[in-house]
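Undergrad: Each chain is listed here by its residues.
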Amino acid sequence: MIESNLPALQVVLPLVAAPLCVLLRRGSLAWLVTWSATWATAAISIAILLRVLDAGTISYTFGGWEPPWGIEYRVDIVNAFVLVLVSVIGAIIVPYARRSVGAEIRSEQHYLFWAAYLLCLTGLLGVAITGDAFNVFVFLEISSLATYILIACGQDRRALVASYQYLIMGTIGATFIVIGIGLLYLMTGTLNLADMAQRLSTMPLHRPQLAALAFLTVGISLKLALFPLHLWLPNAYAYAPSVSTAFLSATATKVAVYLLLRFSYSVFGQSHVIENISVEAVILALSVAAIFTASLVAIFQDDVKRMFAYSSVAQIGYITLGISLANQNGLTGGIVHMFNHAVAKGAIFMLLGCVALQIGQPLMAQMAGLAKRMPMTAAGLVVGGLSLIGVPGTVGFISKWYLVVAAIEKGWWWLAALVLISSMLAAIYVWRLIEVCYFREPSPELEAAGEAPLSMLIPAWVLVIGCIYFGLDATMTAGTAASAAQSLLEATR
Amino acid sequence: MNAAGPAIALAIPAIGALLISLAGRWPNLREAITLTTALALLFVVGSLAPLVLAGERPSVTLFSMLPGMSIALTVEPLGMLFGLIASGLWIVNSIYSIGYMRGNNEKHQTRFYACFAIALTCAIGIAFAGNLLTLFLFYEALTISTYPLVAHKGDAATIRSARVYLGILLTTSIVLLLPAIIFTYIITGTLDFTPDGILAGKLDGPMVGLLLGLFVFGIGKAAVMPVHRWLPAAMVAPTPVSALLHAVAVVKAGVFTITKVIVYIFGVDFLFSQPSSGWLVYVAAFTIIAASVVALRQTNLKRLLAYSTVAQLSYVVMATAVLKPLSEIGAAIHMVAHAFGKITLFFAAGAIYTASKKTEITQLHGIARRMPWTMAAFTVGALSMIGVPPTAGFVSKWYILAGSFQADNYVALFTIIASTVLNAAYFLPIIFWAWFAKEDVPPAKPHGEAPAAIVVALTITAVLTLAFFFFNQPALQLEAQLVGRQK
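Those protein sequences? They're chains B and L, same order as listed. Per this note's numbering, residue 18 is the first one in the first sequence, and the count goes up by one each step. Per this note's numbering, residue 124 is the first one in the second sequence, and the count goes up by one each step.
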């Protein structure tokens with residue numbers, strides 16, 4: 018009974034837990050509810066992945082209405098991978114968050130924060146799991162609205178502005194997406210994604226299809242912060258509470274990337290639209306621009322959270338670059354980088370949260386001498402940073418490997434060179450931080466500080482160790498990504 | 124032992140590093156751990172030598188990194204020799220380090236010893252790497268683990284130099300070496316080190332020369348011009364670092380990697396048949412001559428030694444590039460010979476600094492009277508650089524010359540002769556003044572030899588430099604296997 022309803026539980030569980038938090042009203046009880054719900058959700062997602070690996074695509078119908086009429090949850094290897102990524106990171110952050118949220122958010126707001134957290138998780142998982150286009154929009158809005166709250170909770174008053182900025186941009190993005198979905202519904206008469214794909218493949222080219230693709234691509238690109246639609250991201254990440262930043266950077270943009278994959282490969286893959294325009298070339302150019310401009314801007318940031326926020330924009334560029342290469346290795350690189358970047362950036366933002374617990378907003382000057390006072394935090398930041406550079410032995414190397422292989426296979430040596438040269442830009446901003454942490458005397462703020470509590474350090478270090486483990490043995494992550502890439506590419510033939 | 128040996132050798136210094144960082148509060152215990160680890164490492168590495176000499180190739184797969192690609196260790200003659208030098212000299216260097224670091228009251232000693240042990244782990248990983256991926260992993264880890272050692276002092280000037288060090292090594296390896304490795308993987312489908320190489324028949328024409336270029340300049344640790352600048356920059360490190368890492372482990376890792384790529388990836392015969400690979404001899408020859416000329420103009424002793432190292436490293440590269448059996452042997456032997464000689468020279472430079480705080484060549488007049496042991500060792504090391512018998516340098520030069528005759532390579536011949544003259548020109552005056560000139564100004568504080576640990580260490584390496592002239596058969600036998608197939 019439970020086993021057959023896993024896909025529904027995946028979303029329903031956090032959805033039900035959210036109002037429970039509000040009803041309980043006690044911060045610690047709400048945390049406990051969140052803790053149980055997220056870990057259960059993570060377990061469910063792993064069970065689903067195992068089933069997909071074992072038995073292939075799962076289709077789950079709601080209320081006995083057969084697809085394409087009823088709402089269908091459809092899990093193949095691609096979104097099973099995303100579900101695991103989102104729910105596992107979502108679960109690891111919760112034990113970490115108790116102290117961090119306690120320090121950064123007013124105690125009477127705690128239960129609201131946890132409700133928003135669970136709703137955001139619900140939305141993200143829903144987008145990933147559903148096979149229905151309108152459902153995508155609804156869940157996207159749930160996650161977005163919850164995200165605005167998660168960001169606005171920040172101590173810094175600029176968090177409100179950042180949240181508002183994201184609200185405007187996010188709403189524009191959502192509007193574009195709903196227009197795109199509307200146009201597709203108009204053309205195909207269905208909302209089921211698989212059905213839509215099939216109908217598009219037999220249809221002659223009409224202009225509304227092109228418009229739908231354009232609206233969807235731009236809307237999704239806004240959500241995933243593809244250059245130059247990334248402007249909401251740096252402020253949002255910099256001023257949101259540490260927990261929100263860690264959670265959002267690791268999950269939210271990844272789900273948007275998944276949507277891009279789903280629409281451009283699964284839905285439009287066999288249609289005539291994709292043959293007639295070269296979305297790939299546009300995304301490729303924007304990705305390269307994202308990687309270089311965001312990395313360059315990151316070098317000059319003095320707010321460390323902002324610096325890594327810009328780094329996120331650059332790293333998302335690597336993901337979309339892999340997608341735009343549209344061959345087996347490129348796509349594998351892009352997909353595996355979703356995971357790799359989530360682990361690395363999640364670790365980094367969690368460690369910055371440890372710093373924030375001791376000294377408040379971590380600015381470059383205040384992080385001087387961090388290695389003396391908080392050696393484990395500093396060491397974790399080094400590992401995360403090396404991963405962003407793509408040093409072998411860390412997860413970042415695996416992604417770079419696939420991307421460069423894909424570029425060389427296409428004969429695009431210039432692109433391989435650009436990818437590798439851009440790593441050196443990451444080296445510059447990472448090393449700026451390392452020099453400050455290791456070779457300066459402790460700043461006055463850090464003078465009395467010690468290591469953050471273990472309840473925060475351990476979850477952060479779980480991800481740090483993940484950075485190394487999945488960098489040395491990537492057979493599982495890269496293997497899953499490779500089969501996901503294969504299934505996406507097969508859909509286009 | 125056969126399969127586990129290389130893995131144990133890798134684990135020993137890694138565990139050592141962990142224990143050292145835990146023992147930070149008790150300096151004597153910490154140093155005892157360093158010495159014990161170094162001894163244990165030499166024991167394990169040494170116990171592999173008879174196996175390799177008997178023709179076995181102990182190998183072990185640690186884990187698979189990507190589908191179809193694994194992190195694996197295989198011990199073969201060239202790596203065996205490199206592993207022996209690195210682990211053997213680590214013992215001597217640790218004795219020296221203790222004298223130097225305490226004698227100069229250096230800070231952050233725990234970090235120093237821990238990073239040193241990690242660097243040795245990486246060196247062993249490079250020596251025993253069974254494929255290019257494994258080698259690259261440890262190569263990069265070596266760069267990163269030596270960065271804190273170079274930046275040890277932590278002042279602004281040191282950090283600037285450390286940036287140059289890291290910048291050049293990281294950029295060359297990621298922008299040039301990594302694409303070379305990936306390209307090799309794409310066209311051959313493997314990265315395993317295979318006797319006779321894996322590229323024969325897969326690549327032809329100018330692409331061979333191009334790929335060789337990506338490898339040679341990507342392996343920045345070999346300091347072939349123009350990617351040599353990191354080596355003089357690294358001289359800001361404490362002298363034990365310069366001695367073991369920037370005369371032995373790191374730089375030898377560079378030329379070792381080039382040799383290994385040429386022998387086991389390209390294949391000597393294949394590369395010899397490709398005219399587009401001919402440029403390497405000229406570039407190496409240019410580096411030898413140019414670096415020697417630059418060395419002539421140096422006034423700082425350690426910087427002079429650094430440029431001398433740049434030149435000596437290109438001896439190995441040039442000998443490898445001559446692509447004849449005798450020259451390949453010469454290349455391997457020169458790694459040993461230069462290691463013994465150059466570590467002695469650095470030890471001496473550090474001894475002089477510790478005893479008298481002198482760093483410039485012009486300050487060394489008459490210093491041999493105060494520090495006879497040190498300067499005697501320095502003399503032995505310098506003679507080995509020039510290649511005068513009975514020192515180690517003569518043996519390797521002999522083989523490189525013989526190989527050049529075999530290949531009728533007059534560029535290589537001429538370069539060796541010219542550089543011998545240049546070496547003599549910058550080393551002999553120092554020796555002469557140190558022994559026979561009078562002190563210009565008596566030192567503010569009269570001093571004698573450096574602390575005993577330092578003197579013991581540099582005496583050992585000087586004796587090794589001399590001994591290698593007489594007892595080099597095992598090394599030659601080992602390396603004869605390297606070219607056994609081409610005879």
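Everything labelled a hint here was simulated from the structure, so no lab data went into it. Model, not experiment: these values are computed from the prediction. Think of the CB as a built atom: it goes at the ideal place given N, C-alpha and C, for glycine as much as any other residue. Hints are supplied without guarantee of correctness; some may be wrong.
[Claimed, not checked] So these bits of chain L aren't anywhere near chain B, every CB distance computed over 10 Å:
#1 A155
#2 L174
#3 P271
#4 I282
#5 R286
#6 I297
#7 P302
#8 I305
#9 T313
#10 F340
[Claimed, not checked] For lysine-lysine, the following DSS-like pairs were computed, each having C-alpha atoms within a straight-line distance of at most 30 Å:
#11 L:K276 to B:K389
#12 B:K427 to L:K325
#13 L:K230 to B:K389
#14 L:K568 to L:K481
#15 L:K480 to L:K561
#16 L:K568 to L:K480
#17 L:K230 to L:K276
#18 L:K230 to L:K325
#19 L:K561 to L:K230
[Stated by the list, open to error] Covered stretches of chain L, as calculated for chain B (at least 3 residues, CB under 8 Å):
#20 208-220
#21 258-268
#22 319-325
Undergrad: Look at each hint and say if it fits the structure.
TA: Results for each hint:
Annotated as non-interface, A155 (chain L) keeps its C-beta farther than 10 Å from every C-beta of chain B; the closest such distance is 23 Å. No beta-carbon of chain B comes within 10 Å of the beta-carbon of L174 (chain L); the shortest separation is about 27 Å. For P271 (chain L), the requirement that its beta carbon stay farther than 10 Å from each beta carbon of chain B is not met, with the minimum near 7 Å. A Cβ of chain B approaches the Cβ of I282 (chain L) within 10 Å, the least distance being about 6 Å, so the stated non-interface status is violated.
Taking the minimum C-beta to C-beta distance to chain B, about 7 Å, the non-interface status of R286 (chain L) is violated against the 10 Å cut. In this structure I297 (chain L) is not separated from chain B by more than 10 Å, as the shortest Cβ-Cβ distance comes to only about 5 Å. At roughly 6 Å from the closest C-beta of chain B, the C-beta of P302 (chain L) falls inside 10 Å, breaking its exclusion from the interface. Distance check on I305 (chain L): its Cβ comes as close as 5 Å (rounded) to a Cβ of chain B, failing to clear the 10 Å threshold; non-interface status is violated.
Consistency note on T313 (chain L): stated as away from chain B, and its beta-carbon is indeed over 10 Å from all of that chain's, at 14 Å minimum. In this structure F340 (chain L) is separated from chain B by more than 10 Å, as the shortest Cβ-Cβ distance comes to about 14 Å. The hinted pair formed by K276 (chain L) and K389 (chain B) meets the criterion: a straight-line CA distance of about 15 Å does not exceed 30 Å. Proximity of K427 (chain B) to K325 (chain L) is assessed by CA-CA distance (about 18 Å); at most 30 Å being required, the pair is judged to hold.
This hinted pair checks out: K230 (chain L) and K389 (chain B) have alpha carbons roughly 13 Å apart, not beyond 30 Å. Distance hint between K568 (chain L) and K481 (chain L) is fulfilled; the C-alpha atoms sit about 12 Å from each other, no more than 30 Å. Straight-line distance between C-alpha atoms of K480 (chain L) and K561 (chain L) comes to about 18 Å, which keeps the hinted pair within the 30 Å bound. The hinted pair formed by K568 (chain L) and K480 (chain L) meets the criterion: a straight-line CA distance of about 11 Å does not exceed 30 Å.
Between K230 (chain L) and K276 (chain L) the CA atoms are separated by roughly 8 Å; this keeps the pair inside 30 Å, and the hint holds. The suggested pairing of K230 (chain L) with K325 (chain L) is violated, with an alpha-carbon distance near 53 Å, which exceeds 30 Å. For a cut-off of 30 Å, the pair hint linking K561 (chain L) to K230 (chain L) is broken: about 35 Å separates their Cα positions. Counting residues of the stretch 208-220 of chain L whose C-beta sits closer than 8 Å to any C-beta of chain B gives 0, which falls short of three, so the coverage hint is violated.
Against chain B, the stretch 258-268 of chain L contributes 5 residues with a C-beta closer than 8 Å to a partner C-beta. That satisfies the three-residue criterion, and the hint holds. Here's how the stretch 319-325 of chain L fares: 0 of its residues keep a CB closer than 8 Å to some CB of chain B, so the rule of at least three is not met and the hint is violated.
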